[in-house]
Amino acid sequence: MDYSDKISHQVAGIPRSGIRDFFELVQGRDDVISLGVGEPDFATPWHIREAAIYSLEKGQTSYTSNLGLLSLRKAISDYVSDFFNVDYKADTDVLVTVGVSEAIDLALRALLNPGDEVIYHSPCYVSYLPSIALAYGVPVNVSTKKEDGFALKADMLEAAITPKTRVLMLNFPTNPTGAVMPTDELKKIAALCIKHDLIVLTDEIYCELRYDDEKHVSIASLPDMRERTILLHGFSKAFAMTGFRLGYACAPEPLIEAMMKIHQYAMLCAPITSQAAALEALQNGEAAMLKMRESYHQRRDFLVNRLNEIGLECHSPGGAFYVFPDISKTGLTSQEFAMKLLESEDVAAVPGDAFGEAGQGFLRCCYATSFEELKTAMLRMERFVKTL
Amino acid sequence: MNDPLLTLLQTKARYTNEELAEALCLSTEEVSQRISDWEQDGTILGYQAVIDEGNINSSVVTAFIEVKVTPERGGGFDRLAMRVARFDQVVSCYLASGGYDLMIVVEGANLRDVASFVSEKLSSLDGVISTATHFRLKAYKEKGFIFESDTPEGRLPVAP
Numbered sequence: 090m091d092y093s094d095k096i097s098h099q100v101a102g103i104p105r106s107g108i109r110d111f112f113e114l115v116q117g118r119d120d121v122i123s124l125g126v127g128e129p130d131f132a133t134p135w136h137i138r139e140a141a142i143y144s145l146e147k148g149q150t151s152y153t154s155n156l157g158l159l160s161l162r163k164a165i166s167d168y169v170s171d172f173f174n175v176d177y178k179a180d181t182d183v184l185v186t187v188g189v190s191e192a193i194d195l196a197l198r199a200l201l202n203p204g205d206e207v208i209y210h211s212p213c214y215v216s217y218l219p220s221i222a223l224a225y226g227v228p229v230n231v232s233t234k235k236e237d238g239f240a241l242k243a244d245m246l247e248a249a250i251t252p253k254t255r256v257l258m259l260n261f262p263t264n265p266t267g268a269v270m271p272t273d274e275l276k277k278i279a280a281l282c283i284k285h286d287l288i289v290l291t292d293e294i295y296c297e298l299r300y301d302d303e304k305h306v307s308i309a310s311l312p313d314m315r316e317r318t319i320l321l322h323g324f325s326k327a328f329a330m331t332g333f334r335l336g337y338a339c340a341p342e343p344l345i346e347a348m349m350k351i352h353q354y355a356m357l358c359a360p361i362t363s364q365a366a367a368l369e370a371l372q373n374g375e376a377a378m379l380k381m382r383e384s385y386h387q388r389r390d391f392l393v394n395r396l397n398e399i400g401l402e403c404h405s406p407g408g409a410f411y412v413f414p415d416i417s418k419t420g421l422t423s424q425e426f427a428m429k430l431l432e433s434e435d436v437a438a439v440p441g442d443a444f445g446e447a448g449q450g451f452l453r454c455c456y457a458t459s460f461e462e463l464k465t466a467m468l469r470m471e472r473f474v475k476t477l
Numbered sequence: 746m747n748d749p750l751l752t753l754l755q756t757k758a759r760y761t762n763e764e765l766a767e768a769l770c771l772s773t774e775e776v777s778q779r780i781s782d783w784e785q786d787g788t789i790l791g792y793q794a795v796i797d798e799g800n801i802n803s804s805v806v807t808a809f810i811e812v813k814v815t816p817e818r819g820g821g822f823d824r825l826a827m828r829v830a831r832f833d834q835v836v837s838c839y840l841a842s843g844g845y846d847l848m849i850v851v852e853g854a855n856l857r858d859v860a861s862f863v864s865e866k867l868s869s870l871d872g873v874i875s876t877a878t879h880f881r882l883k884a885y886k887e888k889g890f891i892f893e894s895d896t897p898e899g900r901l902p903v904a905p
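If you read the sequences in order, they're chains U and D. According to our numbering, the first sequence holds residues 90 to 477 in order. According to our numbering, the second sequence holds residues 746 to 905 in order.
Hints are computed from structural coordinates only; laboratory data are not their basis. Just so it is clear, the structure is predicted and the values come from calculations on it, not from any experiment. Certain hints may be false.
Stated by the list, open to error - Derived CB-CB ranges, DEER-like:
{"no.": "1", "chain 1": "U", "residue 1": "GLU383", "chain 2": "D", "residue 2": "MET848", "range": "52 to 60 angstroms"}
{"no.": "2", "chain 1": "D", "residue 1": "TYR885", "chain 2": "U", "residue 2": "MET356", "range": "53 to 61 angstroms"}
{"no.": "3", "chain 1": "U", "residue 1": "ILE351", "chain 2": "D", "residue 2": "LEU750", "range": "46 to 54 angstroms"}
{"no.": "4", "chain 1": "U", "residue 1": "LEU145", "chain 2": "D", "residue 2": "TYR885", "range": "55 to 63 angstroms"}
{"no.": "5", "chain 1": "D", "residue 1": "PRO897", "chain 2": "U", "residue 2": "THR465", "range": "41 to 49 angstroms"}
{"no.": "6", "chain 1": "D", "residue 1": "ASP797", "chain 2": "U", "residue 2": "GLY148", "range": "34 to 42 angstroms"}
{"no.": "7", "chain 1": "D", "residue 1": "PHE809", "chain 2": "U", "residue 2": "SER154", "range": "36 to 44 angstroms"}
Claimed, not checked - In silico PhoX-like cross-links for lysine-lysine, where the CA-CA straight-line distance does not exceed 25 angstroms:
{"no.": "8", "chain 1": "U", "residue 1": "LYS464", "chain 2": "D", "residue 2": "LYS757"}
{"no.": "9", "chain 1": "U", "residue 1": "LYS380", "chain 2": "D", "residue 2": "LYS757"}
{"no.": "10", "chain 1": "D", "residue 1": "LYS888", "chain 2": "U", "residue 2": "LYS380"}
{"no.": "11", "chain 1": "U", "residue 1": "LYS234", "chain 2": "U", "residue 2": "LYS277"}
{"no.": "12", "chain 1": "D", "residue 1": "LYS866", "chain 2": "U", "residue 2": "LYS380"}
{"no.": "13", "chain 1": "U", "residue 1": "LYS242", "chain 2": "U", "residue 2": "LYS304"}
{"no.": "14", "chain 1": "U", "residue 1": "LYS235", "chain 2": "U", "residue 2": "LYS429"}
{"no.": "15", "chain 1": "U", "residue 1": "LYS178", "chain 2": "U", "residue 2": "LYS304"}
Claimed, not checked - In silico contact screen, one side only, chain U against chain D (beta carbon under 7 angstroms); selected entries:
{"no.": "16", "residue": "PHE111"}
{"no.": "17", "residue": "PHE112"}
{"no.": "18", "residue": "GLY125"}
{"no.": "19", "residue": "HIS386"}
{"no.": "20", "residue": "GLN387"}
{"no.": "21", "residue": "PHE460"}
Glycine included, each C-beta is placed from N, C-alpha and C at the ideal position.
Next comes chain U alone, as it looks inside the complex (with noise of 0.2 angstroms):
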């Protein structure tokens, strides 16, 4: 049978992500050490593991509300509020959704006529040109660059609004950059959001990883954008919860109720077991999330130093766990160098252009490893970059 015509031409025109490309050639090989995942290097933290366990012994299996469990709505009002400093109704302001991603799907669909413009800043997470385009919206790409340390200029976004312009993704700290936002260059941006009528989607799923001494701010916090902001949250870095899938939105009631009507009929609640988990964290989590974070900050200063040291320039990055080192002066480019350094080396790192064309000269490399696989991977990539 024919197919090509059986998919639909919003799906068909969605390119094949590249990072699926590198991760089927990385699979055939043994003994690669991999700084090419996106996922913290530990397990969820016994407690969480534990809650989760017993909510199932005690046969907690239902549905949940549509928007999830009322007592997890609370814990996350709290949370946002304690974190962020910006207040949202437990009953009505906040849905908990099967991951960030879900929470991006759902509130694309729920605001984008077709043709609407969505500005996003690329090196981005692989997701949101692709969320875009399914929701038949037009994604606008603004290149974040490595002397601005990969933050958004509110200059280059005013250069891209057009009358069209309908919404602004920001994910600070951002995958695959680890930049954060200084806050000025935030207010700036507040502003053209507010001028331009735009709403804001903040993906602040790496909040609580930054290790510079600066407060984290959400654009959601600033005055006059809590109206105008839908800020998605999860579990998944923070508490090393990617397996549990379970993130949140919280906005306005009219923009959660546009988005749950879409999450009640594709996804219906998000699993109990998983909320479970994360009410936990949330309660009890913030112990076992500084210890994590201290040992990322470990980690972050000695892969920058030896990247450095290499000759491949490398920014410290505020937030997130991943470094973006500068490959241009070896002359290749991001694939090219990625592909002889895991054929001749047995090192795993992503090329930069998998997140946006603005990507290309950098590696993204992931140090949510342990100490020894970092060390022997800056020894082999030393040696590799000596070869070219």
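Once you've looked at the hints, dock chain D against the given chain U.
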């Protein structure tokens, strides 16, 4: 344990000073100075391997012994506790709250070794009122390390 160097030493005591320095972005000189200060002032008492004895067919017998004692006027429990602690067979000795006073961990080559230590040395000490000996059957966790034979499937090598 707030000092990152002390925390790291607890699990990676075999790292060289260069490796410790590298891991914490300190200078090697600073690391060796601080460690030698801690060794001299008694903060660091020693370094040990944590061994899963199940893997080496060890026949060593370990017992946890609850000891009730009469505290002394003036010295409290300290003098007697130190007398107990100095025996080679005693690997750990703690003063504990609750139904007994001292919790000691004793190792011997075999059951008889431990039994004779308890009856001949420990019970006969002046001030020891009673003992209750519990033999270790199996270890599940030691010094923060879980004894686990099966490891779960790892992460995907590349993920977004």
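Against the structure, the hints:
1. U:GLU383 <-> D:MET848: 52 to 60 angstroms: Violated, at about 32 angstroms.
2. D:TYR885 <-> U:MET356: 53 to 61 angstroms: Violated, since TYR885 (chain D) and MET356 (chain U) (Cβ atoms, about 39 angstroms apart) do not stay within the stated range.
3. U:ILE351 <-> D:LEU750: 46 to 54 angstroms: About 51 angstroms separates the Cβ atoms of ILE351 (chain U) and LEU750 (chain D), which means 46 to 54 angstroms holds.
4. U:LEU145 <-> D:TYR885: 55 to 63 angstroms: violated, 22 angstroms
5. D:PRO897 <-> U:THR465: 41 to 49 angstroms: Since the Cβ atoms of PRO897 (chain D) and THR465 (chain U) sit about 23 angstroms apart, the hinted range of 41 to 49 angstroms is violated.
6. D:ASP797 <-> U:GLY148: 34 to 42 angstroms: Check passed, 37 angstroms falls within 34 to 42 angstroms.
7. D:PHE809 <-> U:SER154: 36 to 44 angstroms: This hint is violated: roughly 49 angstroms between Cβ atoms.
8. U:LYS464 <-> D:LYS757: holds, 14 angstroms
9. U:LYS380 <-> D:LYS757: Measuring from Cα to Cα gives roughly 17 angstroms; hence the hint holds.
10. D:LYS888 <-> U:LYS380: holds, 18 angstroms
11. U:LYS234 <-> U:LYS277: holds, 18 angstroms
12. D:LYS866 <-> U:LYS380: violated, 44 angstroms
13. U:LYS242 <-> U:LYS304: holds, 20 angstroms
14. U:LYS235 <-> U:LYS429: The given pair, whose Cα atoms are some 24 angstroms apart, holds under the 25 angstroms limit.
15. U:LYS178 <-> U:LYS304: Cα-Cα ~24 angstroms, so holds.
16. PHE111: This hint holds: PHE111 (chain U) lies near chain D, its Cβ roughly 6 angstroms from the closest one there, short of 7 angstroms.
17. PHE112: holds, 4 angstroms
18. GLY125: It holds, given that the least Cβ distance between GLY125 (chain U) and chain D is near 4 angstroms, below 7 angstroms.
19. HIS386: violated, 9 angstroms
20. GLN387: holds, 6 angstroms
21. PHE460: holds, 5 angstroms
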